[in-house]
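Colleague: Residue-level listing of the chains:
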Amino acid sequence: MKLFAPLAAVCLLAFASASQAADPNLGRNLAATCANCHGTNGNAVKGSGMDALAGMEKAKILQKLADYKNGDKPASIMHQITKGYTEVQLDLIAGYFAAQK
Amino acid sequence: MMLMKRRDFLKVGAAAGAMASLYGCAGGGKASGHVVVVGGGYGGATIAKYLRMWSEGGVQVTLIERNPSFISCPISNLVIGGTKTMEDITVSYDGLKSKWGVRVVQDDVVAVDAAKKTISLKAGGSMSYDRLVLSPGVDFMWDEIPGLKSADAQSKILHAWKAGPQTVALRKQLESMKDGGTYAISIPKAPYRCPPGPYERACLVANYFKQSKPKSKVIILDANEDVMSKKGLFTKAWADLYKGIIEYRNNSEVKDVEADTNTAVLEFDKFKADVLNIIPPHRAGDIAAKSGIKMINNRWVDINWLSMESTSTPGIHVLGDAVFPAPTMPKSGHMANQHGKLAAAAILNQLAGLEPNPEPVVMNTCYSFVDAKNVIHVSSIHQYDAATKTVQPVKGAGGVSAARNELEGKVAMGWAKNIWADMLT
Chain A
1 MKLFAPLAAV CLLAFASASQ AADPNLGRNL AATCANCHGT NGNAVKGSGM DALAGMEKAK
61 ILQKLADYKN GDKPASIMHQ ITKGYTEVQL DLIAGYFAAQ K
Chain B
102 MMLMKRRDFL KVGAAAGAMA SLYGCAGGGK ASGHVVVVGG GYGGATIAKY LRMWSEGGVQ
162 VTLIERNPSF ISCPISNLVI GGTKTMEDIT VSYDGLKSKW GVRVVQDDVV AVDAAKKTIS
222 LKAGGSMSYD RLVLSPGVDF MWDEIPGLKS ADAQSKILHA WKAGPQTVAL RKQLESMKDG
282 GTYAISIPKA PYRCPPGPYE RACLVANYFK QSKPKSKVII LDANEDVMSK KGLFTKAWAD
342 LYKGIIEYRN NSEVKDVEAD TNTAVLEFDK FKADVLNIIP PHRAGDIAAK SGIKMINNRW
402 VDINWLSMES TSTPGIHVLG DAVFPAPTMP KSGHMANQHG KLAAAAILNQ LAGLEPNPEP
462 VVMNTCYSFV DAKNVIHVSS IHQYDAATKT VQPVKGAGGV SAARNELEGK VAMGWAKNIW
522 ADMLT
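Chains A and B supply the protein sequences, listed in that same order. The opening position of the first sequence corresponds to residue 1 in the working numbering, with each subsequent residue numbered one higher. The opening position of the second sequence corresponds to residue 102 in the working numbering, with each subsequent residue numbered one higher.
Note that these hints are calculated values from the structure, not bench results. Just to be clear, a hint being listed does not mean it is correct.
Claimed, not checked - Below, a sample of chain A positions facing chain B; criterion: calculated Cβ distance under 10 angstroms: (1) Ala22; (2) Asn29; (3) Leu30; (4) Ala32; (5) Thr33; (6) Thr40; (7) Asn41; (8) Val45; (9) Met50; (10) Ala66; (11) Asn70; (12) Gly71; (13) Gly84; (14) Tyr85; (15) Thr86.
Unchecked claim - Okay, derived cross-link-like pairs now, DSSO-like style, lysine-lysine, Cα gap no bigger than 30 angstroms in a straight line: (16) Lys185/B <-> Lys46/A; (17) Lys496/B <-> Lys60/A; (18) Lys344/B <-> Lys58/A; (19) Lys511/B <-> Lys64/A; (20) Lys490/B <-> Lys391/B; (21) Lys131/B <-> Lys73/A; (22) Lys46/A <-> Lys200/B; (23) Lys58/A <-> Lys518/B; (24) Lys496/B <-> Lys64/A; (25) Lys83/A <-> Lys496/B; (26) Lys101/A <-> Lys131/B; (27) Lys200/B <-> Lys101/A.
The C-beta atom is built at its ideal place from N, Cα and C for all residues, glycine as well.
Only chain A is shown next, with the shape it has when bound in the complex:
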């Protein structure tokens, strides 16, 4: 039993931190909706003029998204797109990109 205890703990943590029905890859899936413009896993094509989000600090991404959503940061399109996602979803997206290289 002892052998399985750590795995069980990880599983409990996983379920405790996410809603019961949530897919474990939700952050990955949501972030993939951004990749059309910002590159696969946030690695924008160099010289394309798009923000590369891979490895950017999570708090910084969240601040940018919040500024777009509130209209504090001028944008051509991001003010419209950020309004399409919930705060929980934006948090998952920022967390996923921050963890990328």
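Following the hints, put chain B in place on chain A, whose structure we already have.
Modeller: Relative to the frame of chain A, chain B by itself:
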């Protein structure tokens, strides 16, 4: 078959490693099996890459595509307008092969046996699959324009609504047209591929005429009641930039053509043009209907929005323009790419014995050039709604450009570079 380079494999593996361990907690195994993808456009190429990337090479993927390279419909109107070349919109499938280990087969699928889980190839032979993805784009309903049924007529009166040889041929027709000539483009009743595309094309042909053939005219014969996308922005561009060049006619459905004289036949009228560009009504690519899966109105595939899976035939997923659209969802390359990711995530769950993600999201961004530099966009976000069992547009989100602008002209090309890389490299 070439395998993913070890370096790339490790890079992807590290990213997904932590998540993969949670699969064990949920009771499912690791995804494995063989997925056959039919069609290497915006939907098919995307899912081929994402299945390999997200499964860390655990799922085998075969992509069957009839063309040797990917040629993009988005940006192709700039080739027709003369400011971009075919080379600018062509991308090789080599990245999918060498970097992602996708087996790319240049062939056509002629039949699907859903019971046996096999497909038959035009060149002969068959292939078995665990899950099949159809991303067949559209085929034209020639019966709706009887005069265009012959190959002769089709080589003379072009659609150029699939990027490729017709894109080049339409450009040549415009170059050969005398100054003072008329170019007419017809738009079928919605839904059709790329709602703003015909209006963008009218702008870019008018832009070419303005510079090179200023006595020439552009006539838009729209079967719809009104401009179907970015109406205010397009009509302003026509008034500001192309006054006296572009003429827009609503409720002008083309019922037939007289190919000998380049004449469009409308309900009560006929219209003769020097260059006649007919976009016939279209439906899901032929292989969809041939595979026996449930269609709506004999045109579009009925799918489950949690997995993009056919409502009638488990194991067959359909992407892109071929599906019956969710409310306000456009048929676009960007959206097909999003379908590819939604379905990739669902298929990997299913192959691991798990349910698909119960809360998928897709979004769309579409840039249209109104001249060589100025662009207008429309965007939308669509979230799954369990009550209506479809993805619904988020109210208050998305929208259009405040005005046409050059900044978005640069962004549009940045979009193209990134989405092509997201699909193919």
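Colleague: Does each hint fit the structure? Answer for all of them.
Modeller: Hint check results:
no. : hint                  : verdict
1   : Ala22                 : holds (8 angstroms)
2   : Asn29                 : holds (5 angstroms)
3   : Leu30                 : holds (6 angstroms)
4   : Ala32                 : holds (4 angstroms)
5   : Thr33                 : holds (5 angstroms)
6   : Thr40                 : holds (5 angstroms)
7   : Asn41                 : holds (7 angstroms)
8   : Val45                 : holds (5 angstroms)
9   : Met50                 : holds (5 angstroms)
10  : Ala66                 : violated (15 angstroms)
11  : Asn70                 : violated (13 angstroms)
12  : Gly71                 : violated (12 angstroms)
13  : Gly84                 : holds (2 angstroms)
14  : Tyr85                 : holds (7 angstroms)
15  : Thr86                 : holds (8 angstroms)
16  : Lys185/B <-> Lys46/A  : holds (21 angstroms)
17  : Lys496/B <-> Lys60/A  : holds (27 angstroms)
18  : Lys344/B <-> Lys58/A  : violated (49 angstroms)
19  : Lys511/B <-> Lys64/A  : holds (21 angstroms)
20  : Lys490/B <-> Lys391/B : holds (26 angstroms)
21  : Lys131/B <-> Lys73/A  : violated (42 angstroms)
22  : Lys46/A <-> Lys200/B  : holds (18 angstroms)
23  : Lys58/A <-> Lys518/B  : holds (25 angstroms)
24  : Lys496/B <-> Lys64/A  : holds (22 angstroms)
25  : Lys83/A <-> Lys496/B  : holds (9 angstroms)
26  : Lys101/A <-> Lys131/B : holds (24 angstroms)
27  : Lys200/B <-> Lys101/A : holds (17 angstroms)
Hints 10, 11, 12, 18, 21 from the list above are not met by this structure, while the remaining hints are.
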